[in-house]
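Q: Protein chains in written order, with this note's numbering: chain S, 1 to 586; chain P, 1 to 586.
Honestly, the hints are just simulated from the structure, not real lab data. Worth double-checking, as some hints may not be accurate.
Identical copies look the same in the list; a pair holds intra-copy or inter-copy alike.
As the list claims (entries may be wrong) - Each computed DSS-like pair below joins lysine-lysine, with the alpha-carbon atoms no more than 27 Å apart: (1) 119 / 144; (2) 215 / 119; (3) 198 / 318; (4) 195 / 144; (5) 198 / 144; (6) 119 / 381; (7) 215 / 381; (8) 119 / 198; (9) 101 / 319; (10) 101 / 522; (11) 493 / 198; (12) 215 / 195; (13) 510 / 493; (14) 198 / 381; (15) 493 / 523; (16) 510 / 276.
Number of protein chains: 2
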Amino acid sequence: MSVDQWLGNFENALASGDSAAAAELFGEESYWRDLIAFTWNIKTVEGPAGVRDLLEHTDAGAHGFHTTQEPTEADGVTEAWFAFETAVGRGSGILRLIGGKAWTLLTALDELRGFEEPKGPGRPRGVEHGADRDRLSWLERREKEASELGYVEQPYVLIVGGGQGGIALGARLRQLDVPTIIVERNERPGDSWRKRYKSLCLHDPVWYDHLPYIKFPENWPVFSPKDKIGDWLEMYTRVMELNYWGSSTVRSASFDGSEWEVVVDRAGSEVVLRPKQLVLATGMSSQPNQLALPGQDEFLGEQHHSSRHPGPDGYVGKKVVVIGSNNSAHDICAALWEAGVDVTMVQRSSTHIVRSSTLMDIGLSALYSEEAVAAGVTTEKADMIFASLPYAVLPALQIPLYDQMRERDADFYARLEAAGFDLDWGEDGSGLFMKYLRRGSGYYIDVGASELVASGDIKLVNGQVARLTADSVVMEDGRSVPADVIVYATGYKSMNGWAAELISPEVADKVGKVWGLGSDTKKDPGPWEGEQRNMWKPTQQEALWFHGGNLHQSRHYSLYLALQLKARLEGLDTPVYGLQEVHHLG
Amino acid sequence: MSVDQWLGNFENALASGDSAAAAELFGEESYWRDLIAFTWNIKTVEGPAGVRDLLEHTDAGAHGFHTTQEPTEADGVTEAWFAFETAVGRGSGILRLIGGKAWTLLTALDELRGFEEPKGPGRPRGVEHGADRDRLSWLERREKEASELGYVEQPYVLIVGGGQGGIALGARLRQLDVPTIIVERNERPGDSWRKRYKSLCLHDPVWYDHLPYIKFPENWPVFSPKDKIGDWLEMYTRVMELNYWGSSTVRSASFDGSEWEVVVDRAGSEVVLRPKQLVLATGMSSQPNQLALPGQDEFLGEQHHSSRHPGPDGYVGKKVVVIGSNNSAHDICAALWEAGVDVTMVQRSSTHIVRSSTLMDIGLSALYSEEAVAAGVTTEKADMIFASLPYAVLPALQIPLYDQMRERDADFYARLEAAGFDLDWGEDGSGLFMKYLRRGSGYYIDVGASELVASGDIKLVNGQVARLTADSVVMEDGRSVPADVIVYATGYKSMNGWAAELISPEVADKVGKVWGLGSDTKKDPGPWEGEQRNMWKPTQQEALWFHGGNLHQSRHYSLYLALQLKARLEGLDTPVYGLQEVHHLG
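Bound conformation, chain S alone (with noise of 0.2 Å):
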């Protein structure tokens, strides 16, 4: 069968509402992912069976399907891209097939009719020609909103937490005329970059990172240093006009069934928001996971987690270790070393280490670089062909990239080993970004410090550590690792965590998990869920969301987040197919 002809019988499946028929054009092993053009939720069915579930109890509307560009073929894959029509908006898609059936499906809705972005033809004119009594200028008007806002109108979105995920969820929201206020503790945007420590580079390359709008130059850096991600963020909240409150903090937030009352420290003034939807956009990485351990009094150093490490400028000539082997623990051993520090890292499990050449050549260089830009791969559509792969299928796809790299860096590895270093590639060789998925944590992206570990530079101590002493970090097995200062590089607490701490414990137990995929690996219980838990979707708790992830991420998922709120600004019926069940806590 060819894309037209599937794309015709689906419709026409659609059209008699015969959800059977509609089944029978997926293969036995298919995926068909939805980001709310069908589902109002961010779904993947899987099989015959699951395309049945979904149609019957949905009733998108969807109409109009055709190709966008000519499909092409592949190892017996047909790829097809099209765009559709739903009753409420426009959407398009990627449609893959073997033998004629749908092996995969995304349908994806880019846009709703009637509230369209103002962009290209459509732009605001930024002045209405002709004259005017009641005009106000620009500046006016902007200063009215910011001075009003929270004050006089109440947002409808309030997100909380103004890193890059919020930042980029502000953009789309604003230029949708969703009234929107962002609230960050730190005091300018970027600074959640700028306050980390100081050798901190991006270590995802520039193609992978652009937010929406405005992209990076083509002089921007491929690994951009924190604080020029920093100031690009401070000008970015700037220019996109959004209403950020920094040195702002949440002292609680509640529900009463039809809006939530949100108090907000502003600068050390109380405010009381009102907003129908509340964001949480804290990050992954914005709640320490510290660490206790038995003697921690009585160490008579400086101890701190990785998320206060300064850099390594006042530690020359001191005895430092570092209780972790991530990214983070990495980052920061290799800046103390180059400081001339005495430095020795803790690994506690094993680490998966990919080096960031290869991880640029061999796992990102088909959508995100420059070769892709150059062969008309734009990171729009990269996005799309990235969110077209189901998580299902992902490590499949993943694995033979990993024994790729495995095999290029062998001595690199051999060297790592050689020093005592406890490798993994993940539970089942998928590599880094399928543990980013699963569980967000448990690799580094190698820009150097690997090559100190195995040359012993930074020295390496395994196990796990029993307790502190004043002077010491001893080990399960009785080794003791002299110490004046102790850097905890263990991670962050689940997004949860914040749930719990701004609204309730109640709440974050009622949303459950947040992040994962129920792959039933390591830190991502199952059961199977097919999608990340919590996120950018609609959860057990009425108008709570969840926001983040890396940039990628962030620009992406931001634009169906953003149409959901719209949707239910605007009083849209927006029926919910498929909301997650909740099977573990926080």
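Knowing the structure of chain S, use the given hints to seat chain P on it.
A: Only chain P this time, still in chain S's reference frame:
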């Protein structure tokens, strides 16, 4: 002759040094415009004799001419885009053939070999992977540079004036690794826009206004409000990492034959800078043209130049007389009328008026519009096409467009004339853009004020002002116009005035008039120069340069000025062909 044949013959003639043969390839009426590729100048030569003279006095080593897209033909003119190399760099151009001979030729240097900008595949890494004990973080490097440049290290280039011109040039020089400081009297980048009257919006549309490297996003307004463009310039300066000294003024500058000594007041502290090159980017609108009138001392009300006009809010209930009838006068009058102020415009000479929407549709849409972008005419392509039309040819191309505009808006113009408004279309009917290029004044792009003039809501008085009294403006014909406030919308002085003020009257006279083509029309005296006098190219004062113009010019010509400065920094041989003679003082 085909384009390929023409380019082949041209290249052969160059290779054999046969200037006569090269000249033979040009038609009797023909123009070769060179942007620093052959001449290290911005220069147009006319006819075979001009071509021959240029080639006899230059030796660019140009070769490798080849078309970069399929030539097109329309109305007997074949148009071709091509690329070439010179002894020092890579260039591109546009050739137009009529009957096998060149009618117009544009040659432009795009980059210097070995000094390419780090972008795309050559972008910086942002971080050097590996371990390095001498590593400085990005922030440390930026802070070191910011604290040392101008004190420990001297800038190679000093740019006086931090508006869009200075900023665009500064950005290009930063990419070319030319140590540069920008000094600006206002506190923050963008203030030169922010401080103007509050209703001001750009009169040019967004597609015409992009800066280099970072384009306005798709949702940017067509006509940017002044404070919004101010914010954009400020963020641009930050993320492009310019060394921008706000609240800084130049007290004096002198050249000793090898370097400048420039005394700068930086926020109250004196700093002596010793740059090798000095660029005046003070803008066409920075030195108010003050009108001296008898009785100014007797006038009891407030009087100020338009550059200091704060907007209408303080003038409700007063009678305001605005002297002038160009852009600022119209904007200010309309804003006053909108605020309910009694306002009179004094028109002292005829004014060219074009409605903004008509100008966009007829004058700009082929090159700078949403449609042009959709048709593949990028900003960079549009700039090249625009640059490829010799100034001598432009009026003949412009006149029919303005004839169309006059016809389309005939009723509008009839209403204006009926109200007594004195209209013109330029001496030769070539309209707005030629007026801008020739004299930089004499027009209003109508965004609404003209209807208020036509309706009499803005009162109109024609003629010369004789004198002021305590409470009125008295015209030469004896009419008296009551006035509580007078706004002098009387334009600005030539950029040459800054050379006189900052350096010396002698240097200003040595350099001569800045701006204008020598068209021998009002305020643009001959002889014909064929290029804008003294702009973006060498002047009679070694190491002194002028930069500025609208956003389009600041964007495009900053490239050539930046390359000229980079070539000198690197010690390349830069023999200037056709250095302009001085025919007029400032």
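Q: Decide, hint by hint, whether the structure agrees.
A: Structure-based check of all given hints:
1. 119 / 144: within (24 Å within a copy, 40 Å between copies)
2. 215 / 119: both (15 Å within a copy, 14 Å between copies)
3. 198 / 318: Within one copy only: 18 Å inside, 58 Å across.
4. 195 / 144: Result: close only across copies, 19 Å inter versus 32 Å intra.
5. 198 / 144: between (38 Å within a copy, 15 Å between copies)
6. 119 / 381: both (19 Å within a copy, 22 Å between copies)
7. 215 / 381: both (14 Å within a copy, 20 Å between copies)
8. 119 / 198: Between. Shortest inter-copy distance 25 Å satisfies the 27 Å Cα cut-off; intra-copy 38 Å does not.
9. 101 / 319: neither (62 Å within a copy, 78 Å between copies)
10. 101 / 522: neither (35 Å within a copy, 75 Å between copies)
11. 493 / 198: Result: close within a single copy only, 23 Å intra versus 49 Å inter.
12. 215 / 195: within (24 Å within a copy, 29 Å between copies)
13. 510 / 493: Within one copy only: 18 Å inside a chain, 70 Å across chains, cut-off 27 Å.
14. 198 / 381: neither (34 Å within a copy, 41 Å between copies)
15. 493 / 523: within (12 Å within a copy, 71 Å between copies)
16. 510 / 276: within (19 Å within a copy, 69 Å between copies)
Checked against the numbered hints given earlier, this structure breaks hints 9, 10, 14; the rest are met.
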